[in-house]
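Protein chains in written order, with the numbering used here: chain A, 1 to 282; chain B, 1001 to 1338.
Because the hints were derived from the structure by calculation, they are not lab data. Each hint should be verified, as a subset may be incorrect.
Unchecked claim - Computed beta-carbon distance windows for the label pairs: (1) Asp1107(B) with Gly109(A): 43 to 49 Å; (2) Leu197(A) with Glu1247(B): 49 to 55 Å; (3) Gly1194(B) with Thr45(A): 55 to 61 Å; (4) Asp1076(B) with Arg178(A): 52 to 58 Å; (5) Thr1190(B) with Gly139(A): 36 to 42 Å; (6) Tyr1328(B) with Gly42(A): 50 to 56 Å; (7) Lys1243(B) with Leu197(A): 20 to 26 Å.
Yeah, the Cβ is synthetic: ideal placement off N, Cα and C, and Gly gets one too.
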Amino acid sequence: MTVGSQSLIVRLLRHPSGLVGLLLIALAVGMALGAGYFFPAGPWTMAGPPRLWPGQNAAFLLGTDSLGRDLAAGLFHGSRVSLAVGASAAVVSIVIGTVVGSLSGYYGGWLDDVLMRLTDAMQTIPSFLSAIAIVGIVGPSLPTIIFAIAIVSWPMIARLVRAEFLRLRTYDFVQSCRIIGMSDIRIIVTQILPNCLAPIIVASSVLVATAIIVEASLSFLGLGDPNAMSWGTILGNGRAALRTAWYMTAIPAAALVLTVLALNLVGDALNDVLNPRLKERS
Amino acid sequence: MIAAKGTKSPLRFLSGPMPRYVLRRLSQAVLVMLLVVVGSFFLVKMAPGDLVDVLAGNSDMTADQMASLRVRYGLDQPVMVQLFIYMSRLVMLDFGYSPLNAAPVLDVIMGRWPVTAILVVSSVVISMAIGTVLGVVSARNAGNPVDLSISILMLVLYATPSFVIAICFILFFSVFLGAMPIAGFATVGTQATGLAYVWDVVQHLAMPVAALCTFYVAIYGRIGRASMLEVLKLDYVRTARAKGLPERRVVYVHALRNALLPLVTMAGLQVSALVGGAVLIETIFGLPGMGRTAFDAVFERDTNLLLGVLFISSLSVVVVNFVIDLLYMVLDPRVELA
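Bound conformation, chain B alone:
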């Protein structure tokens, strides 16, 4: 695609200063992962006892056997050498073995990853859509009872933690109404295939996704309202009105496009928060995702698995943020590529 001279093509990052921009973002991504790895390493060092103590706890090992195990796992090496060995293993995505699942950590995580991805992605999309609509409606009615009631709703949603919402949902929809499945990813032992299976999964995920959404509906609503009010005051919106465009078109086509930009920025932070929030939601709803895996790993003292989940989660968030940065550049021609 060749852009006309002087205009800014949305795909301009494919040429020109793009490599520098990408390099900058990539180096930031590498730094995040480095921080996760070094942090995890020293966290394990801080904990009382080492890997061999944990192994020895389950059997009667002699001091000699423990010492030889320490040599085998490199625990007799200086800390910096251990850190280097640890890092070079992680680069190869070798997180070690998970005693809890009797399988390599990477295999366990790859099996659980899709559930969390479905949860997080649908929550981001749905909360952004609902929050934006509420924010726009609120902004257009600024000051009147509609705005006030939406604002109060936002305030309450903003103050209610996701796990409390989840419990309210279970209580209302599953216990009182008996309308929704209480736990699981799909009906146990279901024979359904195709659309019937999808519908079954949708029913199971409706409450978890809704519980993850509420807080961010409030955030997007608040940002959307403020950003919309700001944009509606700008000259170009007045111009659009002056040339006689219908109000609907002015608001939803002209103003909304610019008002959306701060919301896109928020999405990156939201993904990071939701991956953490998934621990609570997956635990409450018994979903076999990464969050639930982290929870089990903590209680079974499966440190390899716990740190593997932390690493892969952070890696996913880093990748998503990288994509969002590129997306932002496409959406907003004013973004500096420096």
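Excised from the complex, chain A in its bound form:
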């Protein structure tokens, strides 16, 4: 498991779906970083005549929406919100899931019982409905949305980490650490956790993809942060004009689907690169 970060990227680029996925993700990240440079006026400005179709006016390559806002500006600035929410929600759920999973797997016994029953229970509750309840009652803002997504998606990571800990805690190197009197916390953090990184990394790409979809779904319903335009917001706004101007929904939808597809492709590639033994099975 001594894969350096550089060689990991090189190996991903050699993998066909890894290459396609990474290129698409790079494009999305590039849009997020360049949003302020290419569209300094921001996504909310009414920049031109409303309902311009893509290509109708060279100044608005992707057209404008019903209020005359530039769809390209929305797409670029929207990628910031979608990617940021996706990534932060994934990080928070990885932190919660790793803490729960490692305590559960390392200590076993009643603690494991309690934590796993809790994890089971969390997985049974309809997650999108809970996310709506949280955002609806506490009020829509980016931190609430990130919290709502994280709180419903950590159980998957917890199970994964627990399974790895159950396997690793019986290994000789862990036993040796115990014998030399290393504290539990140190064994968990410095000895076992680094060995669980591979499955966590694989799962994280799917986690980001799911988080982006949940955020888009909330924004589509009108439960997004009213001050942040994400791809889901543009989709929701465009829906009203679906009959006459379908490009308003098609453009953000394409961005959303391509990004999620890219994350899934990278996830598959990571799985092949990091778990070569499993390659023939999938």
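Based on these hints, arrange chain B on the given structure of chain A.
Frame of chain A; chain B shown alone:
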């Protein structure tokens, strides 16, 4: 039914260690509901303002009146006492009153529940059937162009959120072709009865159900393919082939039965996800189900109704999962009853 000694009857859970197994599953179900209730309670506590503030928002109430209302609703009690009162009300399925519908929450939900149940159940059945077929076909053609094209289809379906699929369907079938009704559970003011009514409803539900299905077709397809490839390698399948059974029988009778087990496990998770997904689909297609109710409740700030929907949805999912666990035991004699 009395099983021969030494064999495992599919109905063995009716005797022996069954009570312990059922108790274990039941306690898990109770824990889920407890989590929902305690979670909902503290969620409402976290929100800015309490029930009386909301009521006062619509009228000019004096501070005295507000204080007496707080006493009446028990909001002056310690938090733990309030939680206990809240829980004992929910046990009696008393979710309070829905200002939005001017009716008790339970009545509102019972009226909407069947629509969501029809949506979810038909989506589970249809996506499982299509996904399994695609997975089996894919596995039998492993590596050739058929497998590759199915795999690419799965990848795209897997990446496309249900509400995007729903919009694509509306655009294509309703706007361009004009072939499908765009919204509603049945034609407004329809006089049709019997089969004609059923056909009308089927037409209205076709697109919503299909939109809910696609993601899970991809999941079942992927699991089905992997599981089929695994099973096809096992000794008993080779034995079946060796004794000269036709390939069709080997695949669809011998291998498929075991390959189906991981798919059944997935169904429990799918029901939970679909109940959430129904919010989007029912909102897009204007269906009067629980999801649409949750959506309306959020925007009208009808907290009682929202939490009632969350509670009943979770309860339904818990019951379905319980049934699936029992079903799994019937299907797979290897399942431990511990």
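Which earlier hints turn out false for this structure, listed by number in ascending order?
2, 7
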